[in-house]
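Chemist: As a plain string of letters, each chain reads:
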Amino acid sequence: MAAQGLTGVERRFGDDELIVSKTDATGRITYCNDVFLRLTGYAEQELIGKPHSIIRHPAMPRSVFKLLWDTIATGRECFAYVINRARNGDHYWVFAHITPDLDESGATIGYHSNRRTVERSVLSTIEPLYTALLAEEARHGDRKAGLDAAFASLQSTLAAKGVSYDQFVLGL
Amino acid sequence: MINLSSVSKALLANGLSLALAAIAVASALSAGAVTAAILAGGCGLLGLAGLMWLMRANNSVDKANAALRQAAGGRLRARVPGIRGHGNVGELLRNVNRLLDQTEAFAKEADAAMRAASEGRFYRHILPKGLRGEFARYAASANATLDVMARHAGELGAFTRRMLDDAVTISMTVNEGAIANASIVGGIRTARDEAAGMAAATEQMVSGIQEIAARSDEAVALSAEAQDMTDSGSDVVDAAMAEFSAIEAAVADAAARVGALSEASEAIGDILSSIETIASQTNLLALNATIEAARAGEAGKGFAVVANEVKTLSNQTARATEDIGSRITNLRQEMSGIVATMTRGTQAIAKGRQAMETMGTRMRDIGNRVDTTTAKMADVSRILTQQAGAADQISGGVQNVAHQAENNAGAIERSSAALSGVEKQIASLLSLLVEQDIPNKIVLIAKADHIIWKKRLFDMLVGNARLNPDELANERSCRLGKWYYGPGSMPYRNGPAYRQLEEPHRTVHQCGLEAVRLFNAGQVEGAMRLVEQVEEASKVVLAALDALCAAGDCQPAAAAGRF
Ligand SMILES: Cc1cc2nc3c(=O)[nH]c(=O)nc-3n(C[C@H](O)[C@H](O)[C@H](O)COP(=O)(O)O)c2cc1C
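As you go down the protein sequences, you meet chains B and V in turn.
Letter by letter, the first sequence follows residues 79 to 250 in this note's numbering.
Letter by letter, the second sequence follows residues 259 to 821 in this note's numbering.
Keep in mind that the hints were calculated from the coordinates and are not lab data.
Note that beta-carbon positions come from the ideal geometry of N, C-alpha and C, so glycine has one too.
Heads up, some of the hints might be wrong.
[Unchecked claim] Derived CB-CB ranges, DEER-like:
#1 V:ALA368 to B:GLU88: 23 to 33 Å
#2 B:GLY127 to V:GLN328: 47 to 57 Å
#3 B:ARG217 to V:ARG314: 55 to 65 Å
#4 B:ARG154 to V:LEU730: 35 to 45 Å
#5 V:ASP320 to B:THR203: 45 to 55 Å
#6 V:GLU349 to B:THR209: 39 to 49 Å
#7 B:GLY127 to V:HIS410: 40 to 50 Å
#8 B:GLU88 to V:ARG342: 22 to 32 Å
#9 V:ALA368 to B:ALA151: 16 to 26 Å
[Claimed, not checked] Which chain V residues stay away from chain B? Per the calculated CB distances, all over 10 Å, these:
#10 ALA284
#11 ASN317
#12 THR403
#13 SER673
#14 ALA779
Only chain V is shown next, with the shape it has when bound in the complex (with noise of 0.2 Å):
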């Protein structure tokens, strides 16, 4: 009983009075009583009607309570269906709607500018129209709450924006100062090889002056010996001419000889003809005796022989001088020959002694001349000797030179991997940043990228790093690109800066690109030169978008936002 409502007591009530009007109206019968029986009927019809709108109106209750009893269990969408009459009850179930209705509508409010506060989206505010009394007043104050935080987020968007601006700045400048590095590095590595081949050179070119100045050193020690050889050369000529001389004055002399032996011969050839004319008289005279001989017969007989005898003896005398005569004869001729043959003797001599005597001052010619060339050889090779040290001296310094260049690029390489360092750190700084929500952030960051898209360029070329051109992003699939063709980039197409930027944003990739195809084929000049294309385009597309930027600023904060 003490559990039970006010309604459920009145039901519990009428429903008490409705079973006493029936008594009362049996008993009013049994008693006769007719008006008392209607009069208890007409009760117990009234409480019947009661009973009726009593259990509508608890069954409201109940109605009531179903949806409020959710409500407090924090299911606001609950609400009282099918609400009929204008009554008090009608419009406590209209009431509980309204207040459900209101609560609903500011918890889902609340709920959804809360999110897309949490999401950045500051300008979701909970929308006080519909709201009444402190609904209203709390969605306002919400609101205000909003507001301080867009201007705490604006704040630190600001902030942000700097940071990131001066994340994107030493980015630029790091990553400019590492290519400036990798460009010292590259240009100290080619001083390097060429002192180094320098070196090399002026080492061969010391083994040449000293082969050389050894030469020389021959040379000298052999024309010293040519010297000798000339000296004594000379000293043979000089000797042959004295034979020479002796050999002249001896065939001289012989040549006097057989004259003097060519006059006695032709003496006695004076001699053999007075011998034949003695002969032929004596013959004569035989003649004439064996005639007187004959003529005295037999007395003349012995005579005869003996004048026989001497016309053979005077034959025989003709026969010996004639051949005396010849052989004087073939004697003379021979000797004519002997003198001729001695006077072409003495010509050959004469030559001979002639061309000694040249032959002689040649050699002493010639001696001068070695001795000469000798002293200018000497000279020679002291010099080359000299310049042989000061040479070596030279590929020294240039090996110190060489040197010195390996520690500078040693010391660059080292601040490089310093600014490596910083560089990383700043990447992901940057990345962090992109998180973020800050106007024209793709603009900037797009400016940080491609500075260091350039850096891999001349680390490739320096040969510090080495690139595939397959992984290499291309003017669509690059951060820039991604945004310039995405719908980020929608408020933007109309102004001029956007337009500007695709022709060089594309010359970057794909000079980039080609770049890294031909170093990888071996054709480094033909990379360094599309490598000062990207260059020069990159220079434009930062100039692009620093307009895209300038650009950027104008458009209303929240357009901006969104990029």
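So here's chain B without its partners, still in its complex pose (with noise of 0.2 Å):
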């Protein structure tokens, strides 16, 4: 995704707020709270039945949705530090954490996303953390490639650190 377009504003949110959204199996939006509305100025109804990506921001890197979805396809929750982008450009960080809808018969039909906001110090770690991951993946010149190779480096590092991921994003 283009860098253009960036404001550089950073957009904030209250600590007793929670942005909120659903989607279906595939990703697609099928709920999303009037926190969310406000902080991607989007209306909701540009927003129901798309791909949650349409609020990806470019400074976040691939491996990470990629474990968010190996995750979260297991039936597990999964938290993460995400950086997203609001419609005109601007952007905001959420702790987010993603759960598997399920039926009465404990299929999953959907996730389910709660957000937070952000403690400033966690960024100091995050953002050299994704830095680091995004050159990973810009390295190779094949993309499959250099989303396996940033994956196995954020694996080893959170081995070098003898935790596990769950600790690591739970414990900044």
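From the two separate chains plus the hints, produce the assembled complex.
Modeler: Next comes the structure, spelled out in structure tokens:
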């Protein structure tokens, strides 16, 4: 995604607010709450049925989304620090928590995400990490190879710290 | 009517008022009251708009209702979509969504935190951010509970950790004990085998001694016989000597007689020469007489006959004496031959006597010697019999020792059996504890595992177990190996203890496997040497594990909990 159109302006929201959205099983938005609409600057009808990547920010490494999807696809919850892009090119950081939505039989029928505010101190860890992952992804000509390399480097960074991804993100 | 909501009633009233307005317009027009008709029409239009708004409101209420119905049924994912307007109805719908957002967030968080707690991840709290009011309060109290649970789990963890520590220590002690037992049993077995061998050897010795004793008894008897024989031999020699003396005397006598005979024959010779002289003189006389007779002629004739007779006689005599002379010469020759023979005979006899005498002395000598030999032999035989008795006692003693050793081995084997019961229990306790989330558990368990591995090798060496090298773990497939080469050891890889562990650990496994192979191929000595190497290496492994443990304790609890 091109970096053009970014304003560099950061949007903030309240610590007592949740940015909520829901998607179908493929990641198309089925619901977003008023905080979501306020921060992104989209109208609800512009978002419903659209892929969630509509608010994707170019500073997000693909390997983080791979980890996200790998995790939720197995029915587990996933945490991630995400930078999102508002309609006008502004951005906002969230601490996203994504879980599967299950029907009565326990089958996954979609996903749910609650996003919370991010402690400033966390970004001093996350931003360099994401920059490094992005660089790793870009270093390889082949998109897939870049993704795999970055993913592997993320895993080994965690292994070197001796922590799981969950422990890492929750411990920040 | 009674079941209708106020919105529905309003809709109904609105509908009715619309109908009334329509009637009013119609009747006003028919009565020509244009103004009234316009007013009634306006009323109706307003009513229509009201009806539309009311329907919208009703629609919103239906949407809210649908969402809330779902939520009331526990399906918290329901939301009201497509909210427009910012009036109280719009806000109503937004509030429905806000309520559901809060409720669902709380429910999902609580679910996730509880689920994590059930897996021991107490650090997964309900995220309080974004939750409001009571939701936030409940979250806080649930989190406090989680903290208490975490503390308890920590205490339980510490307890379990201590239990694991103890179990590992017990396991190691028990197995070291079992190893000691096994090697004692091995030693006893060897001692027993050696004692049995010794007993057999002593028994053989005893029977050898007995054999020698019997032989020397025989020798004693034989020498007694020999004594008898020498005794009677000397008697015979003595008798022979006496005989010899008699023969000697007889020969001497005979010699003397032959001498006398020889002298007599010489005398006869003398007589013969006298006779010879007489015969020749007689012959001469006869010759003369013949001559005289011849001279005397006829008268002499008779005389001549006599003279002739005498001549014949003298000739005959001469011939006879000659004959006798030659005979006597022969005789004398014979006799001197006899004398010579006799002289030789006496010499031979003298020599014989001497020989006999020497023989006699020798015989007596031998007799004496045989006598001493017999005495000595008897001594030997007596001593040997005593020795045989002693050896018999030794053999008995050795057999006793062997028996004792057997008993001891039995006792130790019983204690080993008891120990192996404990071992099994400890092993199952360990495998229970392995399931627990205990920091450093693999390192701790590995200590026990490697002692157990060593013990199995000892069991094999002393013949308590047969091992198949294909079924034995190698340095990568054992519990420690899996951890070592797996992701669990990541936090330790930069420390020196981690690197120090690899080489001796590999040695433990490879030497162990090789020992099993050698043992199975019958090369016990080689197997024993390798097991010694395993011992040495496993000491280093244990030290490295201790060092790792110490390093592990420095790790953050969360990280340590992962391996
Ligand atoms: C419930 C849910 C919420 C998501 N929220 C975001 C989000 O806020 N921002 C974002 O960039 N991607 C979000 N994603 C991930 C997107 O689906 C997508 O994987 C991501 O934007 C990367 O897009 P790309 O694969 O086209 O690069 C969300 C996915 C799910 C299932």
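Chemist: Hints first: check each against the structure and report whether it holds.
Modeler: So, going through the hints one by one against the coordinates:
In this structure the supplied range 23 to 33 Å holds for ALA368 of chain V paired with GLU88 of chain B, their Cβ-Cβ distance being about 31 Å. Checked against the hint of 47 to 57 Å, the C-beta distance between GLY127 of chain B and GLN328 of chain V comes to roughly 21 Å, which is inconsistent with it. The hinted window of 55 to 65 Å between ARG217 of chain B and ARG314 of chain V holds, with their beta carbons roughly 56 Å apart. The hint said 35 to 45 Å for the Cβ distance between ARG154 of chain B and LEU730 of chain V, and at roughly 38 Å that hint holds.
At about 48 Å, the beta-carbon gap between ASP320 of chain V and THR203 of chain B stays in the expected band of 45 to 55 Å. The supplied range of 39 to 49 Å is met by GLU349 of chain V and THR209 of chain B, whose beta-carbon atoms lie about 42 Å from each other. Look at GLY127 of chain B against HIS410 of chain V: about 48 Å separates their beta carbons, and that is inside 40 to 50 Å. Checked against the hint of 22 to 32 Å, the C-beta distance between GLU88 of chain B and ARG342 of chain V comes to roughly 29 Å, which is consistent with it.
Between ALA368 of chain V and ALA151 of chain B the CB atoms are about 23 Å apart, so this pair conforms to the stated range of 16 to 26 Å. The Cβ of ALA284 of chain V sits about 42 Å from the closest Cβ of chain B, beyond the 10 Å cut-off, so the non-interface label holds. Residue placement check: ASN317 of chain V keeps its beta carbon more than 10 Å from all beta carbons of chain B (closest about 16 Å). Residue placement check: THR403 of chain V keeps its beta carbon more than 10 Å from all beta carbons of chain B (closest about 18 Å).
The claim that SER673 of chain V is not at the interface with chain B holds, since no C-beta of that chain comes within 10 Å of its own (minimum 44 Å). With a cut of 10 Å on Cβ distances, ALA779 of chain V stays outside the contact zone with chain B, its closest approach being about 43 Å.
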